[in-house]
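A.B. asks: Residue numbers (full-length UniProt numbering), protein chains in the order written: chain X, 1 to 147; chain E, 1 to 147; chain U, 1 to 147; chain D, 1 to 147.
One or more of the hints may lead you astray.
[What the hints assert, rightly or not] Chain X is faced by these chain U residues, among others (derived, beta-carbon under 8 angstroms):
no., residue
1, 9
2, 13
3, 15
4, 81
5, 84
6, 141
Treat the hints as calculated values from the structure; they're not laboratory data. Bear in mind the structure is a predicted one, so any value in this text is a computation, not a measurement. Where is the CB? At the ideal position from N, CA and C, for every residue including glycine.
Spelled out from the first residue to the last, the chains are:
Protein chains: 4
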Amino acid sequence: MARRTYTCPLRWSDMDAFGHVNNVNFLRYLEQARIDFTLSGAGKTTQRTFPEVSVVARHEVDYLRPLVYRAEPVTVETWLTDLGEKSFTVAYEIKDTPGVAGAGNTVYARAATVMVPYDLSEARPRRLTAEERAVLTDYLEDQPVAV
Amino acid sequence: MARRTYTCPLRWSDMDAFGHVNNVNFLRYLEQARIDFTLSGAGKTTQRTFPEVSVVARHEVDYLRPLVYRAEPVTVETWLTDLGEKSFTVAYEIKDTPGVAGAGNTVYARAATVMVPYDLSEARPRRLTAEERAVLTDYLEDQPVAV
Amino acid sequence: MARRTYTCPLRWSDMDAFGHVNNVNFLRYLEQARIDFTLSGAGKTTQRTFPEVSVVARHEVDYLRPLVYRAEPVTVETWLTDLGEKSFTVAYEIKDTPGVAGAGNTVYARAATVMVPYDLSEARPRRLTAEERAVLTDYLEDQPVAV
Amino acid sequence: MARRTYTCPLRWSDMDAFGHVNNVNFLRYLEQARIDFTLSGAGKTTQRTFPEVSVVARHEVDYLRPLVYRAEPVTVETWLTDLGEKSFTVAYEIKDTPGVAGAGNTVYARAATVMVPYDLSEARPRRLTAEERAVLTDYLEDQPVAV
Numbered sequence: 001m002a003r004r005t006y007t008c009p010l011r012w013s014d015m016d017a018f019g020h021v022n023n024v025n026f027l028r029y030l031e032q033a034r035i036d037f038t039l040s041g042a043g044k045t046t047q048r049t050f051p052e053v054s055v056v057a058r059h060e061v062d063y064l065r066p067l068v069y070r071a072e073p074v075t076v077e078t079w080l081t082d083l084g085e086k087s088f089t090v091a092y093e094i095k096d097t098p099g100v101a102g103a104g105n106t107v108y109a110r111a112a113t114v115m116v117p118y119d120l121s122e123a124r125p126r127r128l129t130a131e132e133r134a135v136l137t138d139y140l141e142d143q144p145v146a147v
Numbered sequence: 001m002a003r004r005t006y007t008c009p010l011r012w013s014d015m016d017a018f019g020h021v022n023n024v025n026f027l028r029y030l031e032q033a034r035i036d037f038t039l040s041g042a043g044k045t046t047q048r049t050f051p052e053v054s055v056v057a058r059h060e061v062d063y064l065r066p067l068v069y070r071a072e073p074v075t076v077e078t079w080l081t082d083l084g085e086k087s088f089t090v091a092y093e094i095k096d097t098p099g100v101a102g103a104g105n106t107v108y109a110r111a112a113t114v115m116v117p118y119d120l121s122e123a124r125p126r127r128l129t130a131e132e133r134a135v136l137t138d139y140l141e142d143q144p145v146a147v
Numbered sequence: 001m002a003r004r005t006y007t008c009p010l011r012w013s014d015m016d017a018f019g020h021v022n023n024v025n026f027l028r029y030l031e032q033a034r035i036d037f038t039l040s041g042a043g044k045t046t047q048r049t050f051p052e053v054s055v056v057a058r059h060e061v062d063y064l065r066p067l068v069y070r071a072e073p074v075t076v077e078t079w080l081t082d083l084g085e086k087s088f089t090v091a092y093e094i095k096d097t098p099g100v101a102g103a104g105n106t107v108y109a110r111a112a113t114v115m116v117p118y119d120l121s122e123a124r125p126r127r128l129t130a131e132e133r134a135v136l137t138d139y140l141e142d143q144p145v146a147v
Numbered sequence: 001m002a003r004r005t006y007t008c009p010l011r012w013s014d015m016d017a018f019g020h021v022n023n024v025n026f027l028r029y030l031e032q033a034r035i036d037f038t039l040s041g042a043g044k045t046t047q048r049t050f051p052e053v054s055v056v057a058r059h060e061v062d063y064l065r066p067l068v069y070r071a072e073p074v075t076v077e078t079w080l081t082d083l084g085e086k087s088f089t090v091a092y093e094i095k096d097t098p099g100v101a102g103a104g105n106t107v108y109a110r111a112a113t114v115m116v117p118y119d120l121s122e123a124r125p126r127r128l129t130a131e132e133r134a135v136l137t138d139y140l141e142d143q144p145v146a147v
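The whole structure should be built from the sequences, with the hints applied where relevant.
C.D. replies: This is the structure:
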């Protein structure tokens, strides 16, 4: 059982006219954390065993604290809360990066995404392979979805 | 009891490298539908009685069909499913615009957002005013959140 | 000789933390005007004779007035200032839409883009076809690039 | 005389439907490099002596090579090519980051931006202060604008 941590740089343009990181851009951070998960394989092998193309079937996001642009990155912690035949659920926490100067331990958002592996050439959902499931199992936690 | 409909133009750049409107950009459509709601008042008065500054406390989005860029807009239908003292819940359907050439009646996504009126100068949540509640009541439906 | 006009809806999220439409998003308006040009053919035929895939080789943009989000669209006027064998230059004005309530006749930006027709399957630039040139000629003006 | 280098992380969502980083998002990289310049002061003092609020008056961008998303950042090198009383011109090169595994020495784009210091409370341009000019002078090069 393990969690992944993605160090996520902010962009000044993530803020909206209210001077906060816009709620929609939090989902960019989630996306980028999933991309990091994908391209790194799942840490176990050098192959890309995380489903390379998956589509989002559902998002849930709870916004806990406002976030203002700063040079210091946030951390997106990710793990799995469900692992089915044709879908899996990624849970996340977006929070301060420990050890970064000036960072506290604020959690800005919690979220969960139901992902469906997708076959681009056939343009339809597909099952997870055994190899994909084996890798993903390492990140599966019993805890209910955090949101 | 009423629903609002916002005619939502797409942008080619809403698509990602997979050639579909990216899941994150669906939340831009929801945001823009709320902005349209806000700036039009709530249709009852000429005043802007919809809380002008509200922050998003929670999103739920179910993605039902892939959407590809096209010149024809989609429609975002909005209504309320909850109206509390300090928050309210907007429900949405993103779907084809009836009567537009080439449009079917596909529903692309259903979503719900918990909104909290916010006092920017005090930087904290505030209660809905009686006037705001009166306007919002017109859009309140008994139905459970669609997602 | 003709100019095209694209009616361009704004999004609230086009604004940045300073409360103005961010300079980068002006280029989204230019892009969307080019997309409109492309997908409409060039107005002469029902075929898509404007090069369907072209890449941007160069942008020049002059920002003349700040633009704040509003429900009313802006107009992007487009024409050609150069038409070569392997490239062409699109000129633009982003301005108020005549006849829209509350709109003046402000010009917000002038810009020019050098476009290069691109062969995606070969991953390299290509020449304009005779048919493409014939359509584009209608939009060619003698005037030097506006910026 | 000095140049600044900003290490610029890409996002997967910077790519468009053609599978390349979209031309518009290159300007996000330029913006973020300017933000990094601003927030770091100009390296000479601990104060923020770079004009904290400046508006973009003009962009020129030459796109030299297509860029595809990758985990490795690009580098945005910045310097000044003009320093006037009421404006200054930032020049940039977007290129591979030396020493990063798998990186070559490709230059993806060259650009220049005319910036105008701006007084947000008065909503109008203002002159550079002597202190600002002193800091910016360090980055001024004789070379003509690269684009």
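A.B. asks: Now tell me if each hint is right for this structure.
C.D. replies: Quick rundown of the hints versus the structure:
At its closest, the beta carbon of residue 9(U) sits 17 angstroms from a beta carbon of chain X; the interface hint therefore is violated under the 8 angstroms criterion. Using the Cβ-Cβ criterion of 8 angstroms, the hint placing residue 13(U) at the interface with chain X is satisfied: the shortest such distance is roughly 6 angstroms. The beta carbon of residue 15(U) is positioned within 8 angstroms of a beta carbon in chain X (closest approach about 4 angstroms), and the interface hint is therefore held. At a threshold of 8 angstroms, the smallest CB-CB gap from residue 81(U) to chain X is about 30 angstroms, leaving the interface hint violated.
Annotation: interface hint on residue 84(U) violated; nearest CB of chain X at approximately 34 angstroms, more than 8 angstroms. Hint status for residue 141(U) relative to chain X: violated, with the closest Cβ pair at about 34 angstroms, above 8 angstroms.
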